[in-house]
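> In order, the protein sequences belong to chains A and B.
Position 264, counted from 1, in the first sequence is what my numbering calls 264; the numbers after and before it change by one each time, with no gaps.
Position 184, counted from 1, in the second sequence is what my numbering calls 184; the numbers after and before it change by one each time, with no gaps.
I should point out that these hints are in silico values taken from the structure, not numbers from a laboratory.
Quick caveat: nothing in here was measured; it's all calculated off a predicted structure.
Please note that the accuracy of each hint is not assured.
Here are a few chain A residues that face chain B, going by a calculated C-beta distance under 8 Å [unchecked claim]:
no.: 1; residue: Met-36
no.: 2; residue: Gln-72
no.: 3; residue: Ala-158
no.: 4; residue: Gly-165
Just some of the chain A residues that point at chain B, by a computed CB distance under 10 Å [to be verified]:
no.: 5; residue: Ala-27
no.: 6; residue: Pro-29
no.: 7; residue: His-31
no.: 8; residue: Leu-32
no.: 9; residue: Lys-45
no.: 10; residue: Ile-88
no.: 11; residue: Ala-116
no.: 12; residue: Ala-120
no.: 13; residue: Thr-121
no.: 14; residue: Leu-124
no.: 15; residue: Leu-130
no.: 16; residue: Met-163
no.: 17; residue: Ala-277
Covered, in the sense of this in silico footprint (three residues per stretch, anywhere, with C-beta under 8 Å from a C-beta of chain B), are these stretches of chain A [what the hints assert, rightly or not]:
no.: 18; stretch: 145 to 151
no.: 19; stretch: 259 to 272
Virtual Cβ for every residue (Gly too), placed ideally from N, Cα, C.
Each chain, written out:
2 protein chains.
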Amino acid sequence: MSDDRDLHLALIRQVEQALEASFRSSAIPAHLAEAMRYSLLAGGKRLRPVLNLASALACAESEPGFGEEDRQTLIRALLPFASALEMIHTYSLIHDDLPAMDNDDLRRGRPSCHKAFDEATAILAGDALLTDAFGFMARTPLPAPRVLEALALAADAAGAAGMAGGQMLDLDGEGHALSEAEMTELDAKKTGALLRLACESGAVLAGADGAHRQALRRYGEELGIAFQITDDILDVTGDAATLGKNVGQDAQQAKATWPALLGLDEARSRARFHSNAAAESLNEDLFGNSPHAALLRRLARDLSDRTF
Amino acid sequence: MSDDRDLHLALIRQVEQALEASFRSSAIPAHLAEAMRYSLLAGGKRLRPVLNLASALACAESEPGFGEEDRQTLIRALLPFASALEMIHTYSLIHDDLPAMDNDDLRRGRPSCHKAFDEATAILAGDALLTDAFGFMARTPLPAPRVLEALALAADAAGAAGMAGGQMLDLDGEGHALSEAEMTELDAKKTGALLRLACESGAVLAGADGAHRQALRRYGEELGIAFQITDDILDVTGDAATLGKNVGQDAQQAKATWPALLGLDEARSRARFHSNAAAESLNEDLFGNSPHAALLRRLARDLSDRTF
Chain A
1 MSDDRDLHLA
11 LIRQVEQALE
21 ASFRSSAIPA
31 HLAEAMRYSL
41 LAGGKRLRPV
51 LNLASALACA
61 ESEPGFGEED
71 RQTLIRALLP
81 FASALEMIHT
91 YSLIHDDLPA
101 MDNDDLRRGR
111 PSCHKAFDEA
121 TAILAGDALL
131 TDAFGFMART
141 PLPAPRVLEA
151 LALAADAAGA
161 AGMAGGQMLD
171 LDGEGHALSE
181 AEMTELDAKK
191 TGALLRLACE
201 SGAVLAGADG
211 AHRQALRRYG
221 EELGIAFQIT
231 DDILDVTGDA
241 ATLGKNVGQD
251 AQQAKATWPA
261 LLGLDEARSR
271 ARFHSNAAAE
281 SLNEDLFGNS
291 PHAALLRRLA
301 RDLSDRTF
Chain B
1 MSDDRDLHLA
11 LIRQVEQALE
21 ASFRSSAIPA
31 HLAEAMRYSL
41 LAGGKRLRPV
51 LNLASALACA
61 ESEPGFGEED
71 RQTLIRALLP
81 FASALEMIHT
91 YSLIHDDLPA
101 MDNDDLRRGR
111 PSCHKAFDEA
121 TAILAGDALL
131 TDAFGFMART
141 PLPAPRVLEA
151 LALAADAAGA
161 AGMAGGQMLD
171 LDGEGHALSE
181 AEMTELDAKK
191 TGALLRLACE
201 SGAVLAGADG
211 AHRQALRRYG
221 EELGIAFQIT
231 DDILDVTGDA
241 ATLGKNVGQD
251 AQQAKATWPA
261 LLGLDEARSR
271 ARFHSNAAAE
281 SLNEDLFGNS
291 PHAALLRRLA
301 RDLSDRTF
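So that you can see chain A by itself, here it is in the shape it has in the complex (with noise of 0.2 Å):
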């Protein structure tokens, strides 16, 4: 158990490494580099990172022969397409605080990036970060078909059949009550998209077949569920220190949430239930005793234990 705590540790602290080297080339405006590290930068639990590494790492693992030096090369070599999953999570949460948007002054325990700035630099921090997010990928040292695959999909969980689009819906759906359907569809393009490709992303990058694959790809679409109806819960249960912004945002603007649809203690049992099924996911018929599928098998089950 203490091991992969461990492990878990070790990949924040190498992609927090790789994200504070990045955007200090003079080319780019001092403002602008300035905002774009003020909100990467800002801590955050690296979970998309934290996903695809392990996932890679957790197909590796399952080969025979796989050593510790194998395994910090192949972090080394994943981890631009690691941190470039945190460049469009971090996008994401700028251009979602935005007046226009959900209006929000605090982020992770820190004045949104609007507010610490200007509306028209974070709209452009948000912009940069995108970007410049898909140039890191593009130079992840890997076989380049694997490359441009993984990335198509990264594109495709981000874009508007992805998370722009559920941002969309989410913005359409305010003060209207949603059916479970719908808040399925918002949810699994909102948040879930981008979990997913960081989990299935991670199982092509690493060259995994396709029982693997398919594997991640089920682990990170179950977590993904898990995850925004947690989220849903914290944001009536949870207080803003602990978790760094505002609560009570969701029935502030009159969004659809898991707790109001279903009641607290179903939307309880939805996310344990959906968290086992990410964990059970991953068996060691496939997956033998790799410890990075262990710390997936973990972090999905401690996400539905911080909502009791």
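Position chain B against the provided structure of chain A, taking the given hints into account.
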């Protein structure tokens, strides 16, 4: 002469068809797809896709035995990438027009996206066009290492050190007197980088050698300078009906412009100088009698002719 005008129209037609076919998926929320297509299909000269296609074709045509069938095959393969450049350009127009940015309510002769829809939808339509552009690029059916290299260059050209950075410099510079060096840097980032990228990436995608690539990079760079000087001149001397956008905006927003810095005559003479330099960089030693190299030379010369 009529020959290369026909080639030009044929390229524009193929780009229009590719753009028209995009974003019809039912997986995209209808409201978002409508806003994306509203801005993407509003006409325009499709300059960046045309430069991209013509640059690749100019390289391919300078090799012996490249026939009409090869040409059509190459155009079809290039269209996802070329169309993506128009998506990136369109995203930048949508975001630049936002109230927090240049606050422009007319674009290509119609209400700009945030006027036709609303601000949140315009932000998301821009985000989605930018994101999905990388998905289109990644699916370009040419050798993966070439596609990855061209895509990485596109991210650089559009990102923090390129177009997004240029828009930041532009906003930061409003109301200040900029030096010639500052204006040169601003233009190189804001419009120059993507125009140069359109040309250079065409060479990369065609698998061109270093000399052809360098010549097209030079062409794109000189064209970009001529383009921005011309644009500034037309903002003073043009009329809204012809240009499809408001004129006199630069003066109104107290933006530094080339005619203001140099006077109209000197600005015209500079535009002509850089147009000629662009045309001359595609010399016949390298490009033989490639009809698409001839098209590129004419495009460059026509640009500065518009200012007289």
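> Determine for every hint whether it applies to the structure shown.
Status of the hints after comparison with the structure:
no.	hint	in the structure
1	Met-36	6 Å, holds
2	Gln-72	24 Å, violated
3	Ala-158	5 Å, holds
4	Gly-165	5 Å, holds
5	Ala-27	4 Å, holds
6	Pro-29	5 Å, holds
7	His-31	6 Å, holds
8	Leu-32	4 Å, holds
9	Lys-45	23 Å, violated
10	Ile-88	8 Å, holds
11	Ala-116	15 Å, violated
12	Ala-120	5 Å, holds
13	Thr-121	7 Å, holds
14	Leu-124	5 Å, holds
15	Leu-130	6 Å, holds
16	Met-163	8 Å, holds
17	Ala-277	23 Å, violated
18	145 to 151	holds (count 5)
19	259 to 272	violated (count 0)
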